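Undergrad: Protein chains in written order, with the working numbering: chain A, 3 to 806; chain B, 93 to 247.
No lab work stands behind these hints: they were computed from the structure. Just so we're clear, the structure is a prediction, and the values are computed from it rather than from any experiment. By construction, the Cβ of each residue, glycine as well, lies at the ideal position given by its N, Cα and C atoms. Be a bit skeptical, because a hint or two may be false.
[Claimed, not checked] Cβ-to-Cβ under 10 Å is the rule here; a few derived chain B residues that face chain A:
(1) Phe101
(2) Glu137
(3) Phe158
(4) Asp161
(5) Gln193
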Amino acid sequence: MNVAEKKARIIEPETLIGKRIQKMDAPEKASGKTRYIHDINLSGQLYGKILRSGRIHALIKSIDTSAARALPGVHVVITAADIPDQRPIGVAKDHFPLKVGRVRSQRDEIAAVAAESEEIAEAALKLIKVEYEDLPVISNPEDAIKPGAALIHPEPHGADGTHLHLKQGMSIAHKGKPDNIAMRFDYVHGDVIQGEAESDVVIEDTFKLHYVTHCCMGVSGMIAEFDASGNLLMYSNTQVPFLHKREFAEYLNMDPARIRIIQPPIGGGFGSKLDIYPFEVICLYLARAAKRPVKMLFTREEEFLASPTRQPVLLTLRSGCKKDGTLTFRQVHTLHDNGAYTSWGATTPFVMMQTFSSLYRVPHCDYHTAAVYTNNPYAGSFRGYGNLQATFAIEQHMDMLAEKIGMDPLEFRLKNAQDAGETTGQGMSFKSCGFKDCLNTAAQRSDYSRKVKENTANRSKPGNIKRGIGMASMLHVGGGAKIYPSDGCGTILKLDDFANVTLITGASEIGQGSETVLSQLVCEELGLPISAITVVNNDTAITPWDVGVHASRTTFIAGNSAIGAAKKAKTKILAVAAKKYEAAESDLDLRGGFVIKAASGEVVVELSKLLRNLHFQDKAELVMTTFYYEPPSVHQDKGFKGDVSAAYAWGTQVVEVEVDTDTGQVRMTRVTGAHDVGRVLNRLGIEGQIEGGVIMGQGYALTEDLMIENGVMKNPNFRDYKLVTAPEIPEMDISFIESMDGEGPQGAKGVGEAPSICIAAATANAIANATGVRMFELPFTPEKVYRALHGQTPKLYWKPWRAE
Amino acid sequence: MSLKHDIEFTLNGVKRRVAVDVTMNTLAMLRDVIGLTGTKYGCGEGECGACTIQVDGSSLNSCLMFAVDCDGRNVITIEGLANDSKADALRDAFVEHGAVQCGFCTPGMIMQADHLLHKHPHPDEACVKRGIEGNLCRCTGYKKIVDAIVAVDRA
Numbered sequence: 003m004n005v006a007e008k009k010a011r012i013i014e015p016e017t018l019i020g021k022r023i024q025k026m027d028a029p030e031k032a033s034g035k036t037r038y039i040h041d042i043n044l045s046g047q048l049y050g051k052i053l054r055s056g057r058i059h060a061l062i063k064s065i066d067t068s069a070a071r072a073l074p075g076v077h078v079v080i081t082a083a084d085i086p087d088q089r090p091i092g093v094a095k096d097h098f099p100l101k102v103g104r105v106r107s108q109r110d111e112i113a114a115v116a117a118e119s120e121e122i123a124e125a126a127l128k129l130i131k132v133e134y135e136d137l138p139v140i141s142n143p144e145d146a147i148k149p150g151a152a153l154i155h156p157e158p159h160g161a162d163g164t165h166l167h168l169k170q171g172m173s174i175a176h177k178g179k180p181d182n183i184a185m186r187f188d189y190v191h192g193d194v195i196q197g198e199a200e201s202d203v204v205i206e207d208t209f210k211l212h213y214v215t216h217c218c219m220g221v222s223g224m225i226a227e228f229d230a231s232g233n234l235l236m237y238s239n240t241q242v243p244f245l246h247k248r249e250f251a252e253y254l255n256m257d258p259a260r261i262r263i264i265q266p267p268i269g270g271g272f273g274s275k276l277d278i279y280p281f282e283v284i285c286l287y288l289a290r291a292a293k294r295p296v297k298m299l300f301t302r303e304e305e306f307l308a309s310p311t312r313q314p315v316l317l318t319l320r321s322g323c324k325k326d327g328t329l330t331f332r333q334v335h336t337l338h339d340n341g342a343y344t345s346w347g348a349t350t351p352f353v354m355m356q357t358f359s360s361l362y363r364v365p366h367c368d369y370h371t372a373a374v375y376t377n378n379p380y381a382g383s384f385r386g387y388g389n390l391q392a393t394f395a396i397e398q399h400m401d402m403l404a405e406k407i408g409m410d411p412l413e414f415r416l417k418n419a420q421d422a423g424e425t426t427g428q429g430m431s432f433k434s435c436g437f438k439d440c441l442n443t444a445a446q447r448s449d450y451s452r453k454v455k456e457n458t459a460n461r462s463k464p465g466n467i468k469r470g471i472g473m474a475s476m477l478h479v480g481g482g483a484k485i486y487p488s489d490g491c492g493t494i495l496k497l498d499d500f501a502n503v504t505l506i507t508g509a510s511e512i513g514q515g516s517e518t519v520l521s522q523l524v525c526e527e528l529g530l531p532i533s534a535i536t537v538v539n540n541d542t543a544i545t546p547w548d549v550g551v552h553a554s555r556t557t558f559i560a561g562n563s564a565i566g567a568a569k570k571a572k573t574k575i576l577a578v579a580a581k582k583y584e585a586a587e588s589d590l591d592l593r594g595g596f597v598i599k600a601a602s603g604e605v606v607v608e609l610s611k612l613l614r615n616l617h618f619q620d621k622a623e624l625v626m627t628t629f630y631y632e633p634p635s636v637h638q639d640k641g642f643k644g645d646v647s648a649a650y651a652w653g654t655q656v657v658e659v660e661v662d663t664d665t666g667q668v669r670m671t672r673v674t675g676a677h678d679v680g681r682v683l684n685r686l687g688i689e690g691q692i693e694g695g696v697i698m699g700q701g702y703a704l705t706e707d708l709m710i711e712n713g714v715m716k717n718p719n720f721r722d723y724k725l726v727t728a729p730e731i732p733e734m735d736i737s738f739i740e741s742m743d744g745e746g747p748q749g750a751k752g753v754g755e756a757p758s759i760c761i762a763a764a765t766a767n768a769i770a771n772a773t774g775v776r777m778f779e780l781p782f783t784p785e786k787v788y789r790a791l792h793g794q795t796p797k798l799y800w801k802p803w804r805a806e
Numbered sequence: 093m094s095l096k097h098d099i100e101f102t103l104n105g106v107k108r109r110v111a112v113d114v115t116m117n118t119l120a121m122l123r124d125v126i127g128l129t130g131t132k133y134g135c136g137e138g139e140c141g142a143c144t145i146q147v148d149g150s151s152l153n154s155c156l157m158f159a160v161d162c163d164g165r166n167v168i169t170i171e172g173l174a175n176d177s178k179a180d181a182l183r184d185a186f187v188e189h190g191a192v193q194c195g196f197c198t199p200g201m202i203m204q205a206d207h208l209l210h211k212h213p214h215p216d217e218a219c220v221k222r223g224i225e226g227n228l229c230r231c232t233g234y235k236k237i238v239d240a241i242v243a244v245d246r247a
């Protein structure tokens, strides 16, 4: 081939950016060949199972495991008494993997078994006898903060030695809580009293957001094995391998350097794998005690019972504006049902307050949260991270204020929408901002303004089917989030002598398609086809450090990191080629697997040949580079102010519904979305993210409801917890606003969480447009809608908890 | 605890003899006894469709079928379909249309889609949606799955 190409072959420019690139792992997955954690078995492996409380709030009086230990095939039975060096886990370090002295919720872990088979492990659990003394149950967060309420975490539990089964002198202890308040957040900019004085219209409403859960199709699981030298190998579903490695080491009192975490493909994440959960630490205890690999998988029922939930919130919003449509102030009080223990759910105010303070220009804003302990399931992180809840309230108020002053709701939003170049009261600085384009695009493509009027006029006409249209918008971090002191990601990149590139990234592929998009970015830089790349990820022994999968950060952060490494490789390659072919580096480029002349596209040399020669020359070399990307964002100060993300994502979604006034049934017919994504990298992937997010939002709005009564989960199964199915999905029309963010990889911003955020809020506005009735409590089930239409919904009231 | 029973059936075109517990379901037999892990456990009670297989030309949830009831039947799993060139177009359509994200529902979804396409070689969108209504997916929002199935041409 080289001989024939002496007559100046020209390579035309081509780009991978914005194309529909197939997901690299899709053929394996579509053939049933992908090995998820459930499909991995190690020789000599035992099966772990956990005995859960079944009581909601009780003292543990005694545990008798003797019969379980005697069952043939049982290797290990553990309770808190067997692990005297237990340390508390979770975001606030407020619970032990195996509960000590007291259970605080239905899912609480009492004992665990490792046995030859799952059946034997289950049989052994049934032989464990536990005596309890029941305590008063707090299932309503409002009750938790009443004077004299039973305390969920009253006594110190941990290292003080006051408790049986715990070793004296442990370094970490939970001191207990004199009240049931797990966390508080107070944010202020401006002066809401002044803002209210300047208002022509003031409204106040209380909103109630319910429990939902992730429902990952693959249940949670883990495999742990200690080798003969005491090194730990974990097959784990975690979204945070590097930070968790260090934490696991603490819980086991071992050197973190001796822990290796491999993340096999997972059956869905959505934020659920962001914390360390008791089952993971218990699996480690079992493996340590058994000296055999231990595999632990949840059943679906267990997945419901023991997984984190989205944060349920009671929220009172007071908003005002002037007659000309200028927003004046927002005052927010929220009560978060923390559940029995503290996970990331308690910290959702970080995101919620951004929406209140900065989605629209608002000169005065107050935001106060108390996350309170109850005996309910505990809330974790879930795609959108508090933003669905905040947006539900704020976007209903935008419609209601517009109506009060007689302004078109789109015009009212446009008047108050942020622009590029603005820095908000919370210190967020919008370098790129396509918000107004999102508003206009979604409105035009859905014919919003015409339909709003038409539907309003049709309300009084006969017929039980009423059409409605509603709009909501969102602001979310799109350039990582500096939650930790670093928000970085590392990359190692190497080219082999066939010009195949291996990308070793700190990023975790969890089904979202990060492998594919990172490959695109690298191949774009190196002028290679996507078939020329191999991605190595999800193994802490091999990949460079990364903060984890959260905050829609992977494309942005890992993408910039991958580009950084590819640019260094390119510089090196072009320097070698320039020297060898006596050209200026700046006159050369990489394209189609060749070094070319940048101006003409004329082939200089095949890249693989150049790389091979590099190995065999006098000063032999390899092309192997590393890069660490740290975004130019800052940690928030004590007042929660600061430019926490390197870029911000915007979006507007318009929902159309049909409400059957005879049955209360709401059918979502169409969703028109416009998202400022910076730039589309993989069109196929980004469409999939948006569509999936929209339907997750539909479930939140209409069908999903994790029912908790007196601390008991009533519907831990797919029969009674209703996920959206294929026939129910609306028509979807998605537009991408390309604001070309200056810091983003090829201009892109994060988008993973964005599409689920607006749907419930827009649905509420659509129902109001259809029927004239406002609903403040999710989900909009036929029963709730029917009651609301017949005036049978008592107005939500809550005496807001005030900051001291 | 365990009463074993010998059964003989055709699995992906190959005759098999296995001894299974009488209480075992087909999903557990496929995964734990035979070692074919493409069929997934999602709920164990017939609600999610991740364990969909084909038995004598019908699609069903393998978690709800006793393993002993496979005796004398013709069973096809995702592994069998993946090796059947007649099903290549369906798998390729899933890949091309972006119908796969985490991929956990995908084997069951493809088994159901293949069954649907046998019954309705040219299904419209509504027919496909109805046909996969028993298969849950949490990632894709179904749209690309429906697009993929509609795009398969089974003349």
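Undergrad: For every hint, state whether the structure bears it out.
TA: To see whether the hints hold, each was checked on the structure:
1. Phe101: Because about 19 Å separates B/Phe101 from the closest Cβ in chain A, which is outside the 10 Å limit, the hint is violated.
2. Glu137: holds, 7 Å
3. Phe158: violated, 16 Å
4. Asp161: With Cβ-Cβ at 20 Å, over 10 Å, it is violated.
5. Gln193: holds, 5 Å
Taken one by one, the earlier hints fail for this structure at numbers 1, 3, 4, listed in ascending order.
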